[in-house]
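Using the sequences plus the hints, can you model the full thing?
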Amino acid sequence: MSEMLRLEEISKSFPGVRALKNVNFSLKRGEIHALVGENGAGKSTLVKIISGVYKADSGRIFFENKKVKIDNANDAVFLGISTVHQSLVVFPDLTVLENLFIDNYSSSKGLIKWKVMREKAVHVMNEFGIHLSLDQEARTLSAPAQKLLQILRALLKKAKVLILDEPTAALTVDETELLFKNVKKLKNRGIGVIYISHLLEEIFQLADKVTVLRNGEVVTSQPLSELTLADIVKNMIGKELRSYYPKRESKPGPVILTVRNLRKGILKNISLKLRKGEILGIAGILGAGRTTLAKVLFGILKPDKGTILLNGKEIKIKTPLDAIDNGIVYVPEDKQRQGLILRESVRFNISIANLKTITKHGILDLSKENFMVNKAIHDFEIDPPFPGFQVLHLSGGNQQKVVIAKWSVRNASIIIMDEPTQGIDVGSKSQMYNLMSMFAKDGKAIILISSDFNELINMCDRIIVLRKGMVSGELDKSEFSIDKVIYLSTK
Amino acid sequence: MRDVKKIELILLGIMVFVFVFMSFLSKQFLNVSTLLQIMQLSAELGIMAIPMTLIVITGGIDLSMASTLALSGVIMGYLWLFGLNIWLAAILAVVFAGTAGLFNAVMITKFDIPPLLATLGTWALYRGMATGIDQGRGVSGFPQGFLKLGEGTLMGIPYSLLIWATISIVIYFIVIKTRFGRYLFAIGNNETGALYSGVPVKKIKIIIYVLAGLLAGLAAVIYTSRVGAAKSNADANGVLGIVAAAVLGGADVKGGSGTIFGTTIAVLIIAFIDSGLTLANIQQTVQEVILGIILVGSIIFYEYVGKSKIRYSLTLQRDSSEEGDTKSSLPTESEVNNTRRS
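If you're matching them up, the sequences are chains A and B in order. The numbering of the first sequence is my numbering, which starts it at 1 and goes up by one. The numbering of the second sequence is my numbering, which starts it at 492 and goes up by one.
A couple of the hints might just be wrong.
What the hints assert, rightly or not - Straight-line alpha carbon distances no greater than 30 Å define the calculated DSBU-like cross-link-like pairs of lysine-lysine that follow: (1) A:Lys318 with B:Lys694; (2) A:Lys318 with B:Lys601; (3) A:Lys55 with A:Lys313; (4) B:Lys639 with B:Lys693; (5) B:Lys668 with A:Lys368; (6) A:Lys375 with A:Lys276; (7) A:Lys305 with B:Lys693; (8) B:Lys639 with A:Lys356; (9) B:Lys694 with A:Lys360; (10) B:Lys693 with A:Lys313; (11) B:Lys601 with A:Lys368; (12) B:Lys601 with A:Lys264; (13) B:Lys601 with A:Lys268; (14) B:Lys496 with A:Lys375; (15) B:Lys497 with A:Lys368; (16) B:Lys693 with A:Lys368; (17) A:Lys264 with B:Lys694; (18) B:Lys601 with A:Lys305; (19) A:Lys302 with B:Lys601; (20) A:Lys55 with A:Lys158; (21) A:Lys318 with B:Lys745; (22) A:Lys316 with B:Lys601; (23) A:Lys318 with B:Lys693; (24) B:Lys668 with A:Lys318; (25) A:Lys375 with A:Lys313; (26) A:Lys360 with B:Lys693; (27) A:Lys313 with B:Lys694.
It is worth saying that the hints were derived from the structure and are not from the lab. Since the structure is predicted, the reported quantities are computational estimates derived from the model, not experimental observations.
Here's what the structure looks like:
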């Protein structure tokens, strides 16, 4: 296999921080090269240098054994380096064909040449064996198909090196498999793939080689066959992490929440019970109704039918405020849009949910606020520990901590967590699990919605599996197995 | 995010500059009674610009306020004409204006109509209703006691100016010191996030649009009293001035930023320019051109200058998205101070 891309001694600093130090990296033709590291390790910076978003301070880049300069994103695309970003950059109302050429319409005399574009698209799809219906609206594509659409977009630009940034973040297990199958096709066609993911298990299914970054330096770079999962984790965090799941002894208490015959949209007749001190897992594939359930319990959506009982008394939850007043809080899946007010500070975000406790007759008590916020920052180890820091610039793990901190300040009794560990690094994940375990120990009840079956099995006392808006099964701890959860979600 | 303190300072600077410039342009300008008169003339604008600022902070807008002023003025006039006590008529007019604001609020919160369109509709609707009732006749001949509200003074200070100042100060404190104020900024920065954090988004929106109606009604009473007549074409192009004042005052039309102090200074700047030009015998039309330029110019200006700079250095480091390691980010001095336990 010939070498496609080689980086030598790449360094990059931002004011006050050295993001990369003398990084060497090489990618061969037809190689899937995983790039792993904790948040802040330098993965994104490295990838941004390769794709021309940033310019390295020093170092050399070779592409197909020729020294090249990548000064901007166009240079990279011209060489054949394309990035598929983590967030889905798809225009839902346009067709697949329109989406494929969105930044690259073929035209003559100002008129778009649809026929030429269609031929090109068909050609590339045949070449790589990835097939999408060109006239379908992008909104109707499944999540992995949308990813494939982005990949095709890159291939149309004659990409030789493809950077996939957390491509499976929004995908379920089946969808991930489908994507992997297609990524392997690319590999067989000689495309070099740089693969970034927080999910180490995935890397073992897919990658040939792995490079681990820590604090801006390459810790190791070797074929995957020579490494174990534990080796990689150790290299990433610099110490051995036995298991990220804390040992917990569950002692579920009395029933705190009862849901009876709940109906709303996709949800058809859901009934469940939640106990104090319990972590109840909600499993199911995308579209099973997990998030709808959470939104009904939190007052975002109004149920069409059904009753909710808190400590045996019926309650009506019409708005999030009602839910919060009843001690029910929600850590949403989309933390950036729903969980946080990104442009505001850590202080603002923590206090906005707790203003009633720090105001008297509506007037803010700033010293009370400072005390509350500083305590939350300390308790949850929010880093950097500055109340005035804009949340936008916190790492994913720390953003998630702010969301959780703002709720735990008010001693909620029921915490609904929707994919709480998605897109955060191993270290933060471990902290998140410890928090959950601590909450449960304090007698709070937790509803954990997750697509990560390992997480559910290791953290929960009980798992309810949803399928097409109905409870398709309930598993007690003694019955837990990934096979059963998958079977119940998809049978 | 905008750097509010900086914007307020810049505005004070501009105000001083305009003041000095106008006093060179016109000799009559630099005179206490002229100045008081200028401020008296802009009281209605000043009063209406306050709720407009609150609305803009939440990411909304209310184009209907000047029409509400005209309609409630006309209603007050006719209630009085039909024999009602003038003060009772005034109170009913203000209540009616509040209802007009409630109508906007219902369209925006209940039917999810974008504020720009909802209030563009009522901008035409309320003005049209006023014209329909009034038929261009106008009501005048109000009792002397009522006319005093717009003309009279207390220890040399016009009543209307006192009302304006009181409302400004009260709402200034509400914005910076209360739960309600925090809610406004939360909604403007991320409405979904605010909702998910337990902010009563709809309730807050209803309050501010009703407040906008009520204060437009109050402005109508003051306007009618000052002019001595209730007419359907009252404050005909008023909306331009109200929006311009809020925007020049630093309120971000994209939501999330704004300051009552800034808006109030902005009203004074606009008033100084207006009257300075009038005193210097420069055409009325020029003044409208200038308002338009202020509106657009300040948006462009704040895009570049008003940005919060405190964050900028941090932004640079962290711009490597999740990469810029938090440990090495240098906090600004103010942040370090903030972390000290009180």
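Does the structure break any of the earlier hints, and which numbers would those be?
Hint check: 3, 4, 8, 11 and 25 fail, others pass.
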